[in-house]
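Residue numbers (my numbering), protein chains in the order written: chain A, 459 to 576; chain B, 14 to 122.
You may find that some hints are simply not true.
[Stated by the list, open to error] Examples of chain B residues lying across from chain A (beta carbon under 10 Å, computed):
hint: 1; residue: T39
hint: 2; residue: T58
hint: 3; residue: V120
[Claimed, not checked] Sample of chain B residues facing chain A (criterion: CB under 8 Å; computed from the structure):
hint: 4; residue: L57
hint: 5; residue: L60
hint: 6; residue: R68
hint: 7; residue: T71
hint: 8; residue: A99
hint: 9; residue: L102
hint: 10; residue: F110
hint: 11; residue: Y111
hint: 12; residue: F112
hint: 13; residue: G113
hint: 14; residue: G115
By construction, these hints were calculated from the structure, which means they are not laboratory data. These numbers come from a predicted model, not from an experiment. Every residue gets a Cβ at the ideal spot worked out from N, C-alpha and C, and that includes glycine.
Chain by chain, the residues run as shown.
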Amino acid sequence: GAVVSQHPSWVICKSGTSVKIECRSLDFQATTMFWYRQFPKQSLMLMATSNEGSKATYEQGVEKDKFLINHASLTLSTLTVTSAHPEDSSFYICSARAGGSGDSTEAFFGQGTRLTVV
Amino acid sequence: KQEVTQIPAALSVPEGENLVLNCSFTDSAIYNLQWFRQDPGKGLTSLLLIQSSQREQTSGRLNASLDKSSGRSTLYIAASQPGDSATYLCAVNFNKFYFGSGTKLNVKP
Numbered sequence: 459g460a461v462v463s464q465h466p467s468w469v470i471c472k473s474g475t476s477v478k479i480e481c482r483s484l485d486f487q488a489t490t491m492f493w494y495r496q497f498p499k500q501s502l503m504l505m506a507t508s509n510e511g512s513k514a515t516y517e518q519g520v521e522k523d524k525f526l527i528n529h530a531s532l533t534l535s536t537l538t539v540t541s542a543h544p545e546d547s548s549f550y551i552c553s554a555r556a557g558g559s560g561d562s563t564e565a566f567f568g569q570g571t572r573l574t575v576v
Numbered sequence: 014k015q016e017v018t019q020i021p022a023a024l025s026v027p028e029g030e031n032l033v034l035n036c037s038f039t040d041s042a043i044y045n046l047q048w049f050r051q052d053p054g055k056g057l058t059s060l061l062l063i064q065s066s067q068r069e070q071t072s073g074r075l076n077a078s079l080d081k082s083s084g085r086s087t088l089y090i091a092a093s094q095p096g097d098s099a100t101y102l103c104a105v106n107f108n109k110f111y112f113g114s115g116t117k118l119n120v121k122p
C-alpha cells in the first residue's frame, strides 16, 4: 500500500510554545488529508479535513485558531498546535487519500505523533 | 453527526478460538469501510477495505463482511493467536472517515 510519513513520531514541548507536525504522502499525490487526535484508551476523533490549496474544514468543537492546518502541496500537510497546554497532550494521526471529496479510494495513515506538553 | 459503534468493547478468548467483532453505523450512505488494528502506543495497521458495493473481503485468517442496508460490518478472525491481541478499529467513510471506539482483543496462550 501507499506510504504516509508523519514527523516527528514524538515531541515534548513546554506549555505556551507551538509545535508543528508534518504529514507527507511519499508515493502518491494526496488531494485530501485528515487529522485525528486520540486520547489514552479512546478512539480516533476527526479534527479536520484539508484539501490541497484550500482552507481546512474543522469538525465541531475543534478550535481552528489553535490547530492550524496547512495543505500547501499535494504531498504535504502540516498541523501546528499553537500555544500548547498540557490538555493538548495527545496522539495525533494524519491520513491521506488520493481522491477528492466523495471519493471511495482508500485512505492511508501515518504512524502518529505523540505530543506531550509539560 | 455520523456515529460508528463497536461491540464488544473488550474481548478475551483462549488461543485457537474463532471470533467476531462488530461494527455498526447510523447512515447507510457510505463509500467504504476499513478495519484496522492498533497496538498499544502505535499507529494504525490497515487490515481490510470493503467498498460499498462489496459484501465481503478476505485476507488470510481475516474476513470482513458489509451489510450496508442494515448499517453493519463484522470482522471474523479464524483460529485466533496471541499475536492477534490488539485493539481493532473500524472506520467508515462517509466522505470523511469516522472511527468506532474499538474492540480490545486479548488472546490468551
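Taking the hints in turn, this is what the structure says about them:
no., hint, verdict
1, T39, "violated, 15 Å"
2, T58, "holds, 9 Å"
3, V120, "violated, 19 Å"
4, L57, "holds, 5 Å"
5, L60, "violated, 11 Å"
6, R68, "violated, 15 Å"
7, T71, "violated, 17 Å"
8, A99, "violated, 14 Å"
9, L102, "holds, 6 Å"
10, F110, "holds, 6 Å"
11, Y111, "holds, 6 Å"
12, F112, "holds, 4 Å"
13, G113, "holds, 6 Å"
14, G115, "holds, 5 Å"
Hints 1, 3, 5, 6, 7 and 8, counting from the list given before, are not met by this structure.
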